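There are 8 protein chains.
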Amino acid sequence: MKAKKEEIARLIDSFEKGQLSRVDFEGRIADISADEAEIPHAIIDLGREERAGFIEAIFGAGKTSEQVQKIFSAFVEKKGRALATRCTIETIKMIVSEISGCGHDNRAGIVWYPERIEPVLETVTVVAGGTSDVPVAEEAAITLEFGGARVERVFDVGVAGIHRLFGRLELIRKAQVVIVTAGMEGALPSVVGGLVSAPVIAVPTSVGYGASFQGLAALLGMLNSCSAGITVTNIDNGFGAAVAALRILKRRNQ
Amino acid sequence: MKAKKEEIARLIDSFEKGQLSRVDFEGRIADISADEAEIPHAIIDLGREERAGFIEAIFGAGKTSEQVQKIFSAFVEKKGRALATRCTIETIKMIVSEISGCGHDNRAGIVWYPERIEPVLETVTVVAGGTSDVPVAEEAAITLEFGGARVERVFDVGVAGIHRLFGRLELIRKAQVVIVTAGMEGALPSVVGGLVSAPVIAVPTSVGYGASFQGLAALLGMLNSCSAGITVTNIDNGFGAAVAALRILKRRNQ
Amino acid sequence: MKAKKEEIARLIDSFEKGQLSRVDFEGRIADISADEAEIPHAIIDLGREERAGFIEAIFGAGKTSEQVQKIFSAFVEKKGRALATRCTIETIKMIVSEISGCGHDNRAGIVWYPERIEPVLETVTVVAGGTSDVPVAEEAAITLEFGGARVERVFDVGVAGIHRLFGRLELIRKAQVVIVTAGMEGALPSVVGGLVSAPVIAVPTSVGYGASFQGLAALLGMLNSCSAGITVTNIDNGFGAAVAALRILKRRNQ
Amino acid sequence: MKAKKEEIARLIDSFEKGQLSRVDFEGRIADISADEAEIPHAIIDLGREERAGFIEAIFGAGKTSEQVQKIFSAFVEKKGRALATRCTIETIKMIVSEISGCGHDNRAGIVWYPERIEPVLETVTVVAGGTSDVPVAEEAAITLEFGGARVERVFDVGVAGIHRLFGRLELIRKAQVVIVTAGMEGALPSVVGGLVSAPVIAVPTSVGYGASFQGLAALLGMLNSCSAGITVTNIDNGFGAAVAALRILKRRNQ
Amino acid sequence: MKAKKEEIARLIDSFEKGQLSRVDFEGRIADISADEAEIPHAIIDLGREERAGFIEAIFGAGKTSEQVQKIFSAFVEKKGRALATRCTIETIKMIVSEISGCGHDNRAGIVWYPERIEPVLETVTVVAGGTSDVPVAEEAAITLEFGGARVERVFDVGVAGIHRLFGRLELIRKAQVVIVTAGMEGALPSVVGGLVSAPVIAVPTSVGYGASFQGLAALLGMLNSCSAGITVTNIDNGFGAAVAALRILKRRNQ
Amino acid sequence: MKAKKEEIARLIDSFEKGQLSRVDFEGRIADISADEAEIPHAIIDLGREERAGFIEAIFGAGKTSEQVQKIFSAFVEKKGRALATRCTIETIKMIVSEISGCGHDNRAGIVWYPERIEPVLETVTVVAGGTSDVPVAEEAAITLEFGGARVERVFDVGVAGIHRLFGRLELIRKAQVVIVTAGMEGALPSVVGGLVSAPVIAVPTSVGYGASFQGLAALLGMLNSCSAGITVTNIDNGFGAAVAALRILKRRNQ
Amino acid sequence: MKAKKEEIARLIDSFEKGQLSRVDFEGRIADISADEAEIPHAIIDLGREERAGFIEAIFGAGKTSEQVQKIFSAFVEKKGRALATRCTIETIKMIVSEISGCGHDNRAGIVWYPERIEPVLETVTVVAGGTSDVPVAEEAAITLEFGGARVERVFDVGVAGIHRLFGRLELIRKAQVVIVTAGMEGALPSVVGGLVSAPVIAVPTSVGYGASFQGLAALLGMLNSCSAGITVTNIDNGFGAAVAALRILKRRNQ
Amino acid sequence: MKAKKEEIARLIDSFEKGQLSRVDFEGRIADISADEAEIPHAIIDLGREERAGFIEAIFGAGKTSEQVQKIFSAFVEKKGRALATRCTIETIKMIVSEISGCGHDNRAGIVWYPERIEPVLETVTVVAGGTSDVPVAEEAAITLEFGGARVERVFDVGVAGIHRLFGRLELIRKAQVVIVTAGMEGALPSVVGGLVSAPVIAVPTSVGYGASFQGLAALLGMLNSCSAGITVTNIDNGFGAAVAALRILKRRNQ
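Protein chains in written order, with the numbering used here: chain A, 1 to 254; chain B, 1001 to 1254; chain C, 2001 to 2254; chain D, 3001 to 3254; chain E, 4001 to 4254; chain F, 5001 to 5254; chain G, 6001 to 6254; chain H, 7001 to 7254.
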């Protein structure tokens, strides 16, 4: 048990000196916690976010619920806020029951604290074509809100029913940045890009079957968009799109 | 020279007995003609078209101008009409200068006779997203007209400027079949499919660069269309889409 | 509980005003039902089908049995009929035990109501090469019957035993549209396309192993068919092929 | 000759009414010009740019030198400026010899007028890893300058000699947007993205051989960047990246 | 000049001792001949063919006409026969004008000596679907004849006109081995394999366009054949299929 | 229950008249048996095997243990022998416990009856590179023995330890046909093909990880073999390779 | 039971005579052990390692815990050391509880004996970009230590935070060989390769999602590295990289 | 003209200060030389090679003969040696006629100075399977000799004639590093890797056709080699393999 404590102390040391990245710090703490060690919450503290310019999130995939919960708690205690993505429902339940005041979205696999963060940045509109794209869209939207942006959600506007998009144009046009998630053929960003002059970030989703090849069809579609000036993220990477939008918003305010 | 005549006689024989397909007949005549033999035009005649139910065309790719011209002439003489696709400009020039009364389209690589065929079937609307898709769209449109269909062309309606599509909706909606050609991300058929109830045949084109991978992006996009009931042809296959539409129109009239 | 009711009321409102697509409406109702809310069946009602020109189906994949059942019931109650595709056996059992008078096919994963719908449209022949392709072929056939078409099933005619196909030619030739499903090398549509003059819609299935790459081999085979005028749908998309056929049949009757 | 004039008049008409997109307008004028018609320069004029929010460029690929030159001249005459991308050296020579005051870059295949445009927007830094990536980087840089942005070029900083990048950090960090072009393994955007907080747009180039698969390796590398918030364009799409950056800069100034 | 002679002598030495493969021997002689050296024909002689059990051919691709001609002449002089594949028309012309008594096929790119070889082995039937597949089929057929097999050619039997295949069944069934070449969707081997009990070797050809991906569609189709017991060669590899058939025929006669 | 009996009677009827293939017959019987119907074993009997020239096997994948067992029993009862491939261990156990005198191989997933079949054909040598390839090799070997061939197994000869192959050369060279299974880089057939003059059939296996892409690397390796005259089957298709070898052996004996 | 003993005796015999490879020996012993046979540990002994020049490891994937444990024990007993890779946690637990003095790493799936091996070779530095790459990096590191190398681990240095790499340069530069593992875009080896003159072996990992395509992105990135002289192994092949490094170190000492 | 001189002076300045990489320096000089500027040879001089630890080469692809020649001359003048790869025959001729004492290899596209460099490092054996792989093998061999290594060439040992490899084993085994180039199925490195204990670097070549997919088959084959400890370079990257070998040899001597 003592060995673990020493190891933890050593890790924290390295972390504070900048010799250890947050990702690695998290990983190692998580490893130790797998063996039931206590995470010494009191010592997590660093000015990383300010320097790096974008928000830190706990990537929940491949970690046990207990591991995510412990790191999440440490963030909450020391920094007053935390965001965990790609969490299982079990993980979310564990965190929510442990820490009061969390927000969570089961379909998107996200939990965050505090539930409500005052928006200090401008508006990003997040568009989703179909219901199945909503988890990825919510990953983007919640990350944005956590990062201080205002978010408008426009979620019921697929290309197959393009008339509905037009009813929402005002909402879309008032955004500083538009994030568009779509699966299957990934055509929605092209349509949106032709209608607004704001930056458009396209997120292909793995929604589909057969020749969608887990999002490849949507990805290629977006890269070949006939609307100029659209940029693309990895498949299902709502978080990445949100960080890209936050980079834009924050740069404006410097 | 005699051997050639005998070979030709033998070929015609086989062809009339149905032992030799038109494609093979053409190929062999073309081979012989490459050695300067005369094609005995007078003997090409068969009831194939009525039986097979769709139009015959000379596939110009991989044949010399002279070969295509000779076969084209034989068709004109015996059947009173002919259609050749994927021709070089040289081929078209040679045929047009040889036979008066031909129609031709240099960009689409098509030449046909007679220039004007009275439409006896209903309307097919051929939609093209961008100027670069027009050659494929024209391959479809001319094939349709040659096969007896009325054709409406709606060629200036890309997804990136979707509002223009709406001005043409009446034109599109009056069609019995809609053929939509598009390159790059191939999104146009999804949009059209959501707006009309007629059958929609999507033709991906090889227009694009980089991650369009010579039409693969458009092909995958169309196969994954979120509008139900859209069917797809091979890349750049305007001819095939037209034959599919003619199958539909002709079946109605039986 | 009240919040849910209000949310439901709001959703219905949006749905009736056309601000919300059926797909999204379904998705949201399903989300709420996941939390045990009652779905207010009485209020689902809209003229969508007539406008859009093709049938509506519940896509069962990714929904719980209870969710599908609730939406299915709502359709039955309000519209007098319902179709759900890609259902698990559990879902089918739940619906069948709940609502008397349903038809169902376990292998195809489909359940529909009422069991028998009077055909009002012409005949579509659905061809399947092997036993493994039958679920996809049945997805097409049942969708067609649900949409009002007469259906002939020709299911025991693989390319490896091509003589059997010839015994069925009359059956195939009397169709207004032919749908051909095939896995592995996907050669059947080419053969059928050379024998009939009706429109042929090819559906690649994911049947196979190794270098079939989950249906890619069949898809490429069909796109490159040497029979002119064959069109193709996404892998395993029997529903899409049926809707394409219904588009053809319905357009004829307008 | 008269028919052509009428056709041109008709095209202009459609164009001014917004029934014809600029792309299509260009294409049709180019077709006609191929037959030696005069382009009536005096009538090209529209408020498109202001509405669409980004610059219009002539896509030179697939057009003859004469066609590009005529359209370019029309733009210059009516709008006082023009930009043509993907031009051959012959095209550039023809334009430059015809119109005095043009800028041009042979390696990037770009010609523009007037040579110097006063920057009214903030700074975008364009980074290129190797000499071979410079043409794509210049396509981005010149497009940006044409669109009114200030541009800093940082062109000699490959990942294999990462120390050189550090000497330029100040230059990179002062940008509002950073565009990074790279071929081969496409690693440079990840490195840059970890060093700056501004939005980073990554452009994969087709530079490489063997398993670079014409830019696919770089494209995948950038999509999977371990630096959060990087977005990607199509392979070799420097123009698209520039338009994306202009969308960001212009939105700030609204 | 002396150095070359010595080098040649050294090569022959190595070749006769079995230290140098024929392929390498050829390559090096060809290199030297590129510098106008004389090939000492008199010394090429080896019992390789008997040992290895299959015929030797000169692979003409990537060699100059003169190089192929010199090696061909050496074979003729010493072994009394020679076969060169993948030759340009120029190469064929040069050889044919140099050596009397050669057979040649311009479309297949093959030249051989002597023109007529007495068949000593049983019959192989070579089937080709379309005219475009004939060059590959002829590469197989001529290689077989050169190797001593009787060959039946059945070249006008595509899947799209399957009835013609049936008229030839007797011809196909009398073969000891059947080689089937086909491009586009590559379906013909499946059909043939279901009709005959002899070994069937399938050769995909690169004939096609768009989603044929240079023969990939045909290759995948054949590997997934639903007829059991079909084996496949590389795309366009008619020579390899012939050698495989000769392995079968020769093994029978041992 | 009566309906089922009638259905079964109808199926048998169709089967005996040749209107129903064995595959489909099997499939339908299996479907019915899923509902606990009795399979009327006494009536399965047909001369198919003699006509088709190769053995019939039950493809166990995707069938329940009970279904495979019932069909297997029917074969045993009526034809005196049966072979089932791709069976789970549960299926094998059920059959073995039900029918005495079966042979079985758990790793290869095969069960057959009777355990020992007298060889009447010549020798096929089945070569496997590594232990992991043995299940596929055994699928081939057992199918061959079931079909009447003599089989030599040479299973411990990978390319990485090529010297061991040489100790077995006599064994390999005495075969009339050689089947070579290999995963990973799939190099073994090239080596064997250079050492023997008999026909060589290569079977790529899905053994490997990472860039083996489930057997794609081995498949491509074998198709590009530098040993002439090697033919290839689908990935893991030991059964197909055996049928191809039986086609060769049986043709010899006609 | 007796039959098994005899079989085992026969296997050992073959193994000692070099007729049976270790891999096959293992596989067969494992098969027998699956049927509860005793493995006669006392007889495993051979001079293979010295001859082959690199270490032998038990590949745990696809073997039961019991099988791996028995082979491991045999190695320990006879050779005094053993290494098993790709083991499940269950396998590791079983071995560790059975044999005292083992080292093990659960995340890397490795167990070895004895825990500490005295380094006799020079230093290899193993670099890992992110925490997720550590299991592959540890597979390399532990294999190296087992093979007698000194190992330096540099695990917290991703490209996104490149400054941390520079703090470790001394550590990296003192290595005789550097192994760099990285997932996602796989950029780290390029950076390291530009900073050190030692041989750099790059190991792509399957870490990532979406367009990482299970390590393909990282693999392509590394193959296209702009740093000259970097070589690459299969995806996740830490063991292979270690053996490659040991080949270098051992060759030096000969 | 003066502007150019100043620009050149500026470039040299940057280059000497290390602000400009050699690659970029070359590129810019080449650009200027395209406009007929004089390259001031006298000033190229830097200690780069000693620092970076591997040789510098001029990459000839994409440069004009004149550009390569000028840079080559500058290297010769200032450093006393030069190496240019991927040169056209024209480039080689120009350099050879300009500078006496060069070595050159037309097939490999390489020219170097001085013709003979005294070997100071140990032996690398370069193995090539077929004649077509020799250019890539020579790229490796000449680079090695230029870098100071002794080189043994073993060029006539394909997998299809594996016995020839064995006659060369002593030659291969005496190497400190073995480089193996192979196209088609890329099997040779596996065989070599099983026979020697030295480090083996595999270079896939683009030799092949059809399903070789320009070297992809060989690349995948080598990555999946069943011989442990083989590492791989990009397709056709003989230069990279040589640099990797030099990294090994030089590290030994430090």
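Just so you know, not all the hints are guaranteed correct.
Unchecked claim - Taking lysine-lysine and the DSS-like style, the derived pairs with C-alpha atoms no more than 25 Å apart in a straight line are:
no., chain 1, residue 1, chain 2, residue 2
1, G, K6250, H, K7250
2, E, K4174, F, K5093
3, H, K7250, H, K7174
Rather than coming from a laboratory, the hints here were simulated on the basis of the structure. Since the structure is predicted, the reported quantities are computational estimates derived from the model, not experimental observations.
Now for the hints, and whether the structure bears them out:
no.	hint	in the structure
1	G:K6250 with H:K7250	holds (15 Å)
2	E:K4174 with F:K5093	violated (44 Å)
3	H:K7250 with H:K7174	holds (18 Å)
Violated hint: 2 only; the structure is consistent with all others.
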